[in-house]
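The task is to assemble the complex, starting from two chains supplied on their own in separate frames and drawing on the hints.
Protein chains in written order, with our numbering: chain H, 606 to 997; chain F, 19 to 162.
Derived from the structure by calculation, the hints contain no laboratory data.
Hints may contain errors.
[Unchecked claim] With a cut-off of at most 30 Å between alpha-carbon atoms, the simulated BS3-like pairs for lysine-lysine come out as follows:
| hint | chain 1 | residue 1 | chain 2 | residue 2 |
| --- | --- | --- | --- | --- |
| 1 | F | 133 | F | 143 |
| 2 | F | 151 | H | 882 |
| 3 | F | 151 | F | 133 |
| 4 | H | 898 | F | 143 |
Note that the structure is predicted; figures quoted are calculated from it, not measured.
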Amino acid sequence: MGGCAAHSPAVKPASVGMGDRPPPLAAIRAHTDRLFDIKVCIRPFRTRGPNLDVEQIGDAFVVHNYGHGGSGWSLSWGSAAMAVQKAMSTSPKEIAVIGCGIIGLTSAITAQRAGAKVTIYTREMLPRTRSVRANGGWTPDSRIALAAEAPANFGAVWEEMARFSWKTLRSYLGLPGNPVAFTEQYRLSDTPFGEEAPRDPDTPPLPPPSWTGLPTQGSDFGRYADRIQDITSKPQILTGDYNPFPVKYVSRQSGLFFNFTEYGHLLTSDFFAAGGKIEIRDFHAPSELAQLKEKVVINCPGFAARDWWKDKHMVPVRGQTGWLIPQPEVNYGLTYRNTQVLSKTDGIMVIALENGELKGYNDSDESVRRGESERAVRVIEELYSRFPAIAS
Amino acid sequence: MGKIILAVAVLAALASGVQAGTLNGVYTDIQAERGAVQYRQHCARCHGAGLAGTFETPPLIGRFIPYWQGTSLDVLADYINTAMPLDRPGSLGRAANADILAFILKTNGFPAGAKELSADSDAQKAIQFDSLKRPPEVQNVKTR
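Looking at chain F on its own, in the form it has when it is part of the complex (with noise of 0.2 Å):
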């Protein structure tokens, strides 16, 4: 039964133009380390040093994967590129706003990968953003 779900999932997925999810390694650790820089520049001063937010701004790990989980990357994409920084909307371009992406990813514990991430948004639409498995502090998790 298991087996038909994960084939209809699959199917679906690659009828909607969705290839891969962020479980599968979208962007690479290099990609991140230039994100990182330009977080720290552009975001951090509202999202917090640590994505964490505040109270007055949403943070940017935890509930903000089950918020944007199922969506194609390129909705997220999309909104950082109109919306961010809020108060410059739009300000910081594609590329710079791909590599903040991927510093997202890693740091909500999704793998990298060999490719980078792309800024462009066909190649963006055709990745999911999924939920993770496990808590990203959880190295090991024990089983009973």
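This is chain H alone, in the form it adopts within the complex (with noise of 0.2 Å):
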């Protein structure tokens, strides 16, 4: 799950011409009792970044590929072809897949591209995955690292999995159901931007660190986008007539997102289709590695990583969404008052996102809290409120 990727206060807005006028936006119908889901998931925080290292278990060669924070959706085919790369290095016939996550997924796929035939051993199919309780907007720098931690070459590592991700999602554009598809994000502020707005004393305050040195601030994550500017929308400032909304400081960006349905749905069945197989078992110690028939094994367990393969790098960070009824009449997000809204086939997803990149760090809590989506939908339908009442 991704955090507000759009909207870099360090890119200068660029002007706005006619033909970039918004169109009539559809109203967001936000309501509590619209509220039809809640999902909390922990993203697989890594402070040293992904883990890409080699290790032989038995006889058995494990490539590892997991610890993508909140930029799994994001990197995977990158991070996939990289994890594929040192797999087919031995000429494996055939490879095995741990974990049906979008990382899993991915990585199976690629490996059928690259001709080997591929099982995946999981616990569950890609729908019950901690993955689908992502927000699903393209957010490749969201909580990947910790700057001082990662690996001095890291930055460019980033950058190659960011740019052959985009590539190969430009593959899954323009088809049927969207699985992949460009939106418009707004960003609403009732101050000037590059101001601090006042707190909202509703905003409940972070709680006390449960964990000591790094990180104490959003700016202590590492901060990649500035590399691929050359393919990311710059944010437009909105005035006047050109500013859809009834609240003075409006700048708009495009972006990418996944619709997790459609997309889960085509990778799944892509797989199947090139004569993938799925088992599902679960693993309860690395040398039970060794006693599976493929010699080549992927492993995409994710947040599993912490306690399957005792990885101390591993950090759980919470992450919360609730869903709307899908509008399908609705194509665009926007943030407004620390709270994000993204309309997406199977429902607007509504997150809080107050206190920063800190939310949630050290927290593997994955029960739900209501009130903290119910908080955030009435911050949307208060916005909704201030336009004018259609006449009957």
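Structure, rendered in structure tokens:
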């Protein structure tokens, strides 16, 4: 699950011409009784960045591919390409992939495309993995590493992953059901951009840190988006009659996002169509990988790596999304008063962003906090209540 | 032939240090009652009062059995000791976790016995996680 990757305040807004006038926007019906699902996930954050190391377990050769924080959906294809490159170096006919989240599924398809027969061993199919409890925006550097702990070459590795993923995602644009699509993200503010908004008294304070050391502030997380500015759009300030919202300061930026249902279905179907097999099973110790018939294994356990592989660099980062009943007529997203919404085919995602990137750090409580999602819905409800009423 | 396979299995089990299986009564009812109290307090919030899990949280019944069947009980106990509860891993202590494990075994239909399940890892290593011979709900199976 990413945060809001759009609208880096460092980027100067572009001017807006006639052709860029926003179309009329359908209103989001934000009411708490339309909140039909709340999902909680744990982002598999790894302080050093994703683990792509290789190790030998018995006679099996294991390539790790886990720890992508809030950037798994976004970086998956590039990360899979790197893992498969290592996995194919011994010319295996068969490859095992552990895990069927977005990293496992894209690794499996990439291995098939490299010529291997692939079996995915997993506890859950994609719809029940933590991957689909993300928010689904293209957020390639959302809590991907701590800047101080990432290896010196991580920026370059990240860029390669991000660019490769971006190119791969191009081939999923424009398909029926929009598995991957562009959308407009509006950023609304009561104060000029760049000025800190006064703290909302209703915002719950950040609890005292449950960890020692870094991060102490959001800027401790590695930031790499500037490396791919050439392929991402810039925010535009919308003023006067170009501003479609009853809020003084508004900008807009185009961004990519995933519709989980369609994209997940497509990837799973592609995997099976290429002869892939899925075996439901659980693993209890790394040594069990040596019992598999495949002697090359791509290991994509996500957050489970903390306990399964005793990876001390894994830190849970809790995230919660609320889901309003889908509105196909709404084709945009927005951020206002620490609340983000994004209209997707399977619902309108609502997420509370207060307290920035430290929110949820080292918190592995996966139980639902309904009040948080209801507060976020009420922010959006209040926003749309300011639009003029439609005469009957 | 069946006897030979059984004999080989027993020998293999002894050779690996496994002396008993969860079908042989490896916990007591009183221990499982203590475990039930702990479970309700620390585990039920995610895994549910009936251990059935949720859409997001794995169940501790049903497919839980084939997932762990064939491993020695220390593997499951170590997992609980180090990874659970999810939001405070390792906070309950080995003794409480052994009680919870007893409750999980009981709920799954494994029989109680005369001796408590030890919290000691070596003792747990000697116990194999068995599969049930029949679903726990079925009291009287008709055979044709």
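Taking the hints in turn, this is what the structure says about them:
A threshold of 30 Å between alpha carbons decides the hint, and for residue 133(F) with residue 143(F) the separation of about 16 Å falls inside it, so the pair holds. For the proposed pair residue 151(F) and residue 882(H), the alpha carbon gap of about 29 Å is at most 30 Å, so the pair holds. Distance check on the hinted pair: residue 151(F) and residue 133(F) sit about 22 Å apart at the alpha-carbon level, within 30 Å; holds. Between residue 898(H) and residue 143(F) the alpha-carbon distance is near 26 Å, which keeps this suggested pair within the 30 Å criterion.
In this structure, none of the earlier numbered hints is contradicted; all agree with it.
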